[in-house]
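These protein sequences, in sequence, are chains A and B.
For the first sequence, the tail end lands on 352 under the working numbering, and the numbers increase by one without skipping.
For the second sequence, the tail end lands on 296 under the working numbering, and the numbers increase by one without skipping.
Note that these hints are calculated values from the structure, not bench results.
A portion of the hints provided could be inaccurate.
Each pair of labels, with its calculated beta carbon distance range [as the list claims (entries may be wrong)]:
| hint | chain 1 | residue 1 | chain 2 | residue 2 | range |
| --- | --- | --- | --- | --- | --- |
| 1 | A | Arg150 | B | Thr229 | 24 to 32 Å |
| 2 | B | Ala127 | A | Lys299 | 33 to 41 Å |
| 3 | A | Cys335 | B | Arg48 | 49 to 57 Å |
| 4 | B | Pro89 | A | Ser304 | 19 to 27 Å |
| 5 | A | Thr237 | B | Pro89 | 51 to 59 Å |
| 6 | A | Lys39 | B | Ala70 | 51 to 59 Å |
Below are the DMTMM-like pairs computed for lysine to aspartate or glutamate, each with C-alpha atoms no more than 25 Å apart in a straight line [unchecked claim]:
| hint | chain 1 | residue 1 | chain 2 | residue 2 |
| --- | --- | --- | --- | --- |
| 7 | B | Lys198 | B | Asp120 |
| 8 | A | Lys206 | B | Asp244 |
| 9 | A | Lys76 | B | Glu105 |
| 10 | B | Lys85 | B | Asp203 |
| 11 | A | Lys229 | B | Glu105 |
| 12 | A | Lys330 | B | Asp171 |
| 13 | A | Lys229 | B | Glu67 |
| 14 | A | Lys208 | B | Asp258 |
| 15 | B | Lys259 | A | Glu146 |
| 16 | B | Lys141 | B | Glu65 |
| 17 | A | Lys244 | A | Glu268 |
| 18 | A | Lys208 | B | Glu67 |
| 19 | A | Lys208 | B | Glu65 |
| 20 | A | Lys208 | B | Asp46 |
| 21 | B | Lys226 | B | Asp177 |
| 22 | A | Lys330 | B | Asp146 |
| 23 | B | Lys73 | A | Asp131 |
| 24 | A | Lys340 | B | Glu200 |
| 25 | A | Lys208 | B | Asp140 |
| 26 | B | Lys221 | A | Asp227 |
| 27 | A | Lys341 | B | Glu105 |
| 28 | A | Lys341 | B | Asp146 |
| 29 | B | Lys259 | B | Asp203 |
| 30 | A | Lys340 | B | Asp145 |
| 31 | B | Lys141 | B | Asp46 |
| 32 | B | Lys141 | B | Asp120 |
| 33 | A | Lys80 | B | Glu105 |
| 34 | A | Lys341 | B | Asp145 |
| 35 | A | Lys330 | B | Asp140 |
| 36 | A | Lys44 | A | Asp93 |
| 37 | A | Lys206 | B | Glu65 |
| 38 | A | Lys330 | B | Asp145 |
| 39 | A | Lys208 | B | Glu187 |
| 40 | A | Lys229 | B | Glu65 |
Heads up, the beta-carbon is just placed ideally off N, CA and C, and yes, glycines get one too.
Chain residues, written in single-letter form:
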Amino acid sequence: MKRTFPSLPLCLLTFLLLSQQCTGIRWLALSQTAQHINKTQHCKTLPGLVSSQAQLCRSNLELMQTIIQAAREVKKVCQKTFTDMRWNCSSIDGPKFLPDLERGTRESAFVYALSAAAISHTIARACTSGDLRLCSCGPIPGEIPEPGYRWGGCADNIHYGLLMGSKFSDAPMKMKKKSGSHANKLMHLHNSEVGRQALRDALVMKCKCHGVSGSCSIRTCWRGLLDLKDIAIDLKTKYLSATKVVHRPMGTRKQLVPKDIDIRPVRENELVYLQSSPDYCMKNDKLGSFGTQDRQCNKTSSGSDSCDLMCCGRGYNPYTERVVERCHCKYHWCCYVTCKKCDKTVEKYVCK
Amino acid sequence: MKSLASLSLWRIIILILPLVSLGQTFEYGWPDNYDKPPQCVDIPVDLRLCQGVGYHQMLLPNLLEHESMAEVKQQAGSWVPLLHKNCDPGTQLLLCSLFAPVCMERPIYPCRRLCENVRDGCSPIMAAFGFPWPHILTCDKFPQDDMCINTPNDTSTSEPNGHPPVCPPCDNEMKMDVILDHMCASEFAIKTKIQEVKRENMDRKVTLQKKKRTIKMGTLKKKDLKKLTLYLKNGADCPCTQLDNTRNTYLIMGRKVDKQYLLTGIHKWDKSNREFKKTMKKLKSHKCPAYENVFK
Chain A
1 MKRTFPSLPL CLLTFLLLSQ QCTGIRWLAL SQTAQHINKT QHCKTLPGLV SSQAQLCRSN
61 LELMQTIIQA AREVKKVCQK TFTDMRWNCS SIDGPKFLPD LERGTRESAF VYALSAAAIS
121 HTIARACTSG DLRLCSCGPI PGEIPEPGYR WGGCADNIHY GLLMGSKFSD APMKMKKKSG
181 SHANKLMHLH NSEVGRQALR DALVMKCKCH GVSGSCSIRT CWRGLLDLKD IAIDLKTKYL
241 SATKVVHRPM GTRKQLVPKD IDIRPVRENE LVYLQSSPDY CMKNDKLGSF GTQDRQCNKT
301 SSGSDSCDLM CCGRGYNPYT ERVVERCHCK YHWCCYVTCK KCDKTVEKYV CK
Chain B
1 MKSLASLSLW RIIILILPLV SLGQTFEYGW PDNYDKPPQC VDIPVDLRLC QGVGYHQMLL
61 PNLLEHESMA EVKQQAGSWV PLLHKNCDPG TQLLLCSLFA PVCMERPIYP CRRLCENVRD
121 GCSPIMAAFG FPWPHILTCD KFPQDDMCIN TPNDTSTSEP NGHPPVCPPC DNEMKMDVIL
181 DHMCASEFAI KTKIQEVKRE NMDRKVTLQK KKRTIKMGTL KKKDLKKLTL YLKNGADCPC
241 TQLDNTRNTY LIMGRKVDKQ YLLTGIHKWD KSNREFKKTM KKLKSHKCPA YENVFK
């Protein structure tokens with residue numbers, strides 16, 4: 001495997017050449033790791049890790065496969081959640097990021113929050129499924145259940161997920177060396193905490209009917225996490241209403257405060273950003289914008305994926321595509337399915 | 001709830017006139033709750049509901065969101081007594097298509113017609129034991145196209161007799177497995193004699209003699225046991241030879257529904273019958289599926 005440079009010199013080099021900061025989501029590059037991590041030597045070769053993360057890797061080797069899975073989930077869920085937007089999370093592969101995630105933009109705020117939620121979520125679920133032997137089910141609630149209800153099942157271990165997840169994903173922002181501006185660190189830590197709070201809010205009661213003959217005379221309940229895609233949708237709502245902040249003296253320390261509203265502190269469930277985003281209409285490498293040329297759009301939609309909005313008023317081109325798909329499927333006892341092949345022409349629209 | 005919209009498909013007849021499909025497909029998929037796809041596992045020999053169903057492997061988690069085999073077995077156990085009633089030829093096929101679904105790339109649900117046939121044939125039997133047709137088997141949610149499970153000889157099957165003449169609780173076979181299954185499905189069981197049988201609306205009211213011996217206490221309390229009156233639900237007119245013979249001693253099973261005690265099984269206490277004797281001996285060591293074992 002190709003050996004990457006140690007993180008500090010690379011970060012310093014990046015800082016000197018581009019005047020950019022070392023970002024805390026470089027561990028998302030793990031999504032491209034094909035290797036199974038079962039030796040401590042492998043920790044040195046993993047891309048995107050700072051030294052304390054590599055140390056966590058060596059001392060919690062079993063956890064790394066789950067963290068790699070979390071990195072894959074972040075990419076998949078982010079791109080799915082933003083399919084209908086101009087910015088669609090194309091650049092989320094690390095370890096080097098484009099300016100849309102390097103600068104402290106609204107988009108980076110979302111990615112930091114989602115990453116923090118995803119790593120804790122994936123670890124908590126791994127406890128439940130038994131993939132991680134370091135942990136087990138979450139605690140049984142102390143309250144006495146109502147008649148007909150009972151505690152059972154395996155609760156998602158959110159406590160362990162938050163503990164180990166934050167230890168890993170927050171490590172770059174907590175490095176003592178001045179390898180990045182304080183304002184950026186505060187912003188990233190805040191947004192990561194917003195993501196973890198969204199995860200705590202996603203711990204809900206789930207129940208199953210376990211009565212005789214399928215009845216609900218007895219219900220077994222446990223505390224389980226919503227799916228990561230539901231948490232991502234919640235964070236997207238926060239992304240759309242994110243607040244621009246500045247680094248300003250407050251008392252004896254400098255803190256992040258809303259830029260246009262002087263009178264209130266930043267709320268704890270509010271995503272924040274320091275740099276305004278471009279409109280992502282035209283390709284601009286300096287800003288990390290791919291532009292929407294050749295992006296598919298929806299002619300009949302009135303949302304953000306509509307052709308007017310997606311194409312930024314430049315217009316769109318229709319084209320037809322011939323697809324072959326399975327049709328008239330029939331299940332045969334026992335047990336196989338036969339289908340016919342059907343030709344179909346679909347009309348699609350792409351931005352000019 | 002998911003529905004299956006019809007898919008409009010257009011074939012290309014003239015290349016210069018391509019047309020656009022206006023249909024939409026909502027395909028059944030795996031339940032949302034699981035990160036991993038279901039695994040293909042052997043149907044265990046002690047999943048008695050689905051022995052002899054016609055295939056040997058099943059998906060876990062199943063289509064009822066049971067996540068472990070222990071959960072599948074525990075929940076399937078209460079359905080075994082219904083199989084003994086033979087209320088519809090498709091009963092096992094319907095139940096096992098959900099409890100132990102066939103291993104395919106995507107889930108295959110039972111056909112709506114199969115579900116409706118079993119429901120129409122079996123819900124009167126279930127009602128006699130105080131069980132409504134459950135929500136998990138609501139027929140409207142099952143597909144009506146060809147991608148579903150029907151009885152293999154569905155087109156040639158004649159309409160089965162869905163209403164056996166004998167009262168369901170009186171129609172149990174004198175066989176150890178059957179008695180033990182009904183014992184587990186019942187809340188209590190006692191040895192006693194019948195004092196009086198009277199019609200009351202659509203039911204038959206059974207008054208028991210004072211002298212009783214408890215075989216299975218269950219939820220029954222001692223003070224309730226003294227003046228216990230059982231109801232044969234919807235049993236005013238169906239024949240029951242056991243109730244006609246008040247001189248015999250009986251093994252009587254029941255359960256409580258709201259404020260009534262329903263008769264769920266009645267067997268003559270026949271020590272000369274070898275099968276009955278074997279059952280009573282087995283009963284001492286037999287363990288019913290317990291809810292605590294669901295999540296082992």
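Here is what the structure says about each hint:
no., hint, verdict
1, A:Arg150 x B:Thr229: 24 to 32 Å, "30 Å, holds"
2, B:Ala127 x A:Lys299: 33 to 41 Å, "54 Å, violated"
3, A:Cys335 x B:Arg48: 49 to 57 Å, "21 Å, violated"
4, B:Pro89 x A:Ser304: 19 to 27 Å, "54 Å, violated"
5, A:Thr237 x B:Pro89: 51 to 59 Å, "52 Å, holds"
6, A:Lys39 x B:Ala70: 51 to 59 Å, "36 Å, violated"
7, B:Lys198 x B:Asp120, "29 Å, violated"
8, A:Lys206 x B:Asp244, "49 Å, violated"
9, A:Lys76 x B:Glu105, "22 Å, holds"
10, B:Lys85 x B:Asp203, "20 Å, holds"
11, A:Lys229 x B:Glu105, "23 Å, holds"
12, A:Lys330 x B:Asp171, "39 Å, violated"
13, A:Lys229 x B:Glu67, "21 Å, holds"
14, A:Lys208 x B:Asp258, "22 Å, holds"
15, B:Lys259 x A:Glu146, "20 Å, holds"
16, B:Lys141 x B:Glu65, "16 Å, holds"
17, A:Lys244 x A:Glu268, "14 Å, holds"
18, A:Lys208 x B:Glu67, "11 Å, holds"
19, A:Lys208 x B:Glu65, "9 Å, holds"
20, A:Lys208 x B:Asp46, "23 Å, holds"
21, B:Lys226 x B:Asp177, "30 Å, violated"
22, A:Lys330 x B:Asp146, "5 Å, holds"
23, B:Lys73 x A:Asp131, "24 Å, holds"
24, A:Lys340 x B:Glu200, "60 Å, violated"
25, A:Lys208 x B:Asp140, "21 Å, holds"
26, B:Lys221 x A:Asp227, "45 Å, violated"
27, A:Lys341 x B:Glu105, "18 Å, holds"
28, A:Lys341 x B:Asp146, "16 Å, holds"
29, B:Lys259 x B:Asp203, "15 Å, holds"
30, A:Lys340 x B:Asp145, "15 Å, holds"
31, B:Lys141 x B:Asp46, "29 Å, violated"
32, B:Lys141 x B:Asp120, "16 Å, holds"
33, A:Lys80 x B:Glu105, "23 Å, holds"
34, A:Lys341 x B:Asp145, "17 Å, holds"
35, A:Lys330 x B:Asp140, "20 Å, holds"
36, A:Lys44 x A:Asp93, "19 Å, holds"
37, A:Lys206 x B:Glu65, "12 Å, holds"
38, A:Lys330 x B:Asp145, "8 Å, holds"
39, A:Lys208 x B:Glu187, "21 Å, holds"
40, A:Lys229 x B:Glu65, "20 Å, holds"
Consistency note: the structure conflicts with the earlier hints numbered 2, 3, 4, 6, 7, 8, 12, 21, 24, 26, 31.
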